[in-house]
Amino acid sequence: MLRLEKRPQPSRLWTYLTPVLAVVLTMLCGGVLFALLGKDPVLAIRTIFWEPLFSEFAFYYRPQLLVKGAPLVLIAIGLSLGFKAGIWNIGAEGQYIIGALCGAGVALAFYPLEAAFIFPLMVLAGGLGGWAWAMIPAILKVRFGTNEILVSLMLVYVAEQLLASMSLGLLKNPQGFGFPGSRNLQQYPSAHNAELLAGTGMHWGVVAALIAVIFAYVLLNRHMLGFHIRLTGDAPRAARFAGVSPTRLVLFCLGVSGALAGLAGLFEVAGPSGVVSIDFNAGYGFTAIIVAFLGRLHPVGILLAGGLMALTYVGGDIAQSKLGLPKAAIQLFQGMLLFFLLAVDLTTNYRIRARRKEAS
Amino acid sequence: MTEILLQIDGLTKAYPGVVANADVSLTIRKGEVHALLGENGAGKSTLVKMIYGLVKPDSGQMMLRGAPYAPAQPRAARAAGVAMVFQHFSLFDALDVAENIALGMETPPPMRSLAQQIRQVSETYGLPLDPYRTVGELSAGERQRVEIIRCLLQSPQLLIMDEPTSVLTPQEVEILFETLRKLTAEGVAILYISHKLEEIRALCDAATILRLGRNVGTCVPAETKARDMAEMMVGSTLHTPERHPRAMGDVLLALDNLSQPSASAFGTSLKNITVSVQAGEILGIGGVAGNGQDELLAVLSGEMQAPAKAVQFLGQPIGQASPQARRQMGLLCAPEERLGHAAAPDMSLTENALLTGAQRQGLASRGFLKWGAARRFAEEIIARFDVRTPGPDVAARALSGGNLQKFVIGREVMQAPKVLVVNQPTWGVDAAAAAAIRQALLDLAAGGAAVLVISQDLDELMEISDRFAALNEGRLSAAKPTAGLSVDEIGLMMGGAHGMEVAHV
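Residue numbers (my numbering), protein chains in the order written: chain A, 1 to 360; chain B, 361 to 865.
Heads up, a few of these hints could be off.
Here are the simulated DSS-like pairs of lysine-lysine, each with C-alpha atoms no more than 25 Å apart in a straight line [as the list claims (entries may be wrong)]:
#, chain 1, residue 1, chain 2, residue 2
1, B, LYS416, A, LYS6
2, A, LYS6, B, LYS409
3, B, LYS669, B, LYS778
4, B, LYS409, B, LYS390
5, B, LYS542, B, LYS390
6, B, LYS542, B, LYS556
By construction, these hints were calculated from the structure, which means they are not laboratory data. Predicted model only: the values in this text are computed from it and were never measured.
Please take these sequences and the hints and turn them into a complete structure.
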């Protein structure tokens, strides 16, 4: 029999080791899954983790990693602040959509004017849009004590409806021959979030993600507000005693995560995607939750986790097209990653011991 | 001598890393009150848990009425005639007395006959209790009666009581003792766990003293000095805190007709509290737990906002001020609950030093933290208050209760407060640490600070405070000088017997 024994304090070694162990376990079980589907497990794992980085077509895949990774990291950084304090924003997907709508809205309002102020204004609108959408659960929680998990999650579906209505109505391309979707911002130079270095995938969203990582690192490790966030997560009563105002913390954490999700949406709609369309949102807001936990809610960890998750996205796409793996299998594979992470996480606070027979 | 009821021989129980009981032996006779004495962590709880079938011993044996006794679970212990009243009650606030008692029985009789039985037992033993009252409305003393009656309904032969008087006023203690004496007259044996030595001298026929899991001696309490028993418990000579005569100065903190509704449904609302503390004075606030102590501390620390003028610091209204602003002014607090309230369990001692030290120690500038300074502050606390820990990077939860308490009190004392408010400063702390903490509070007052000590330990309050007041159902009695205060007076200030009567024998 195995027995769990609480450690006197969290193990530092295991804090760093668990994500690695989770990835290894995911590879093993994923391999079994792929084998049961009749595919060569080694080849499948190799395709997902190796191909995008080092194959002969890697020059094409590597920029994709940045394009997929940037929104994940940007959103996950915002979420991690709230998660650390026990404030659960599950609706980043909605804030991402609203950020994109607001940013694209600004661009389309000025179309076809060419001016240097348009892109910065779009960035501002995108951030504000996401922030405002996140303020709805924040204010409801602060004012009426509603559960931010439910409210933020439900607002995702509201945002999706809004997105559909916008791409079919207000933001629809007047020269689009009746097809749903907006004008392509990639063809509007003042609004286009173009690659900063051609062929690298490096766009403003990647820069913003890196800045967010540094900002979050400094906030959490060097600033009083970050200390209060961590304190609230560990001991809410002690935080009250120290003088933390829960109201302000809820507004700050939800606000920042909403704004960052909004920015991620804006950079996506102005860059890689280009158009506001019904199926614009690709689930980054939800996947970012996995990224935040996979990165142990630590800014640098999130950066690495975002990269890893982008790898499974890009590699998963390759595996789908090259090996004919079903999409569901790839999603299952990504889900396994979070499952194993949470399961293995136990080892940071507990040690597993073989149970001796109890003397009687 | 009377017949032996329970004979314990060489009981040993080890947990990973600690031996809770090593070769403990004990004999309880019929009709005797046997005291089990020891400091926190001496192994008293483990021993009674083994007797009550909650924990299995590693080795050793027990004999009950001459027959081998090894209860596999509490049910078996109860069947054998062993009952226990826990220190922490397990009662449902929303149910009535009879329902609560029925819940603890294996085969509860119909409600009406159960209520009849409850009445009968409560009258016989002088524990008046209405079976149909909701438990949420009962005082702590009355709740304890529910637990006792629950045990008595099983007609036990051995009744284990864990710190039963910690929730009672002196008058209520007297009544409880009458009940216990009546029980022993009927031949019931009582195993009485306590660290209140005077009580044990008044009540118990024999005492077994445990230290670090071992038997260190037995004695007849009535014939032994309290000080000798204490030294047996601690294993060394006790250091009594020194009091120097102090000059009283200006009023530093004043509460003016403070009324504050409680934040939670079963909390206590504060009602019309008026009191003041002067520089150089220690004001002791006694009272049975749950009479508004937590709420009072919250109003003083700033966790709970009060009308501005109801709380005055150096004449300024601060009822609406934030905890940080109060610290900045010099009003510091140390709450009762160490883990989770006074300190964050998973954070290091450095981080916990920052928790309240940021303002007065200048551990942050424009919001940015000075980790080096925070670490030095934590090291200073550890050094000056003799906190036993490998260093300031250790998580708070890894410290023992007494060490963490020294850290928490030290953290506030080192910040040179003008007014310090502490709730239960020595609760669950070993005697040596408790003496050190009391000495620190006395020194602080001698240095011209005002100290407000909220405690349920009356001996402690009598030892260190200049004036005494008691909280009872959210009201604070007028403060009286401690010198010359009798136990009776104190008891009345705490609410007297709460309408209880002595057993009609």
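- Item | Hint consistency between LYS6/A and LYS409/B [alpha-carbon to alpha-carbon, up to 25 Å] | Cα-Cα ~21 Å, so holds.
- Query: When you check the alpha-carbon spacing of LYS416/B and LYS6/A, does it fall within 25 Å?
  - Reply: Holds, at roughly 21 Å.
- Take a quick look at whether LYS669/B and LYS778/B sit within 25 Å of each other, Cα to Cα. holds (19 Å)
- Mind checking the alpha carbons of LYS542/B and LYS556/B for me, to see if they're no more than 25 Å apart? holds (21 Å)
- Query: Would the pair LYS542/B and LYS390/B pass a check requiring their Cα atoms to be no farther apart than 25 Å?
  - Reply: Cα-Cα ~13 Å, so holds.
- Query: Does the structure keep LYS409/B and LYS390/B at a Cα separation of 25 Å or less?
  - Reply: Roughly 20 Å separates the two Cα atoms, so the pair holds.
Checked against the numbered hints above, the structure breaks none of them.
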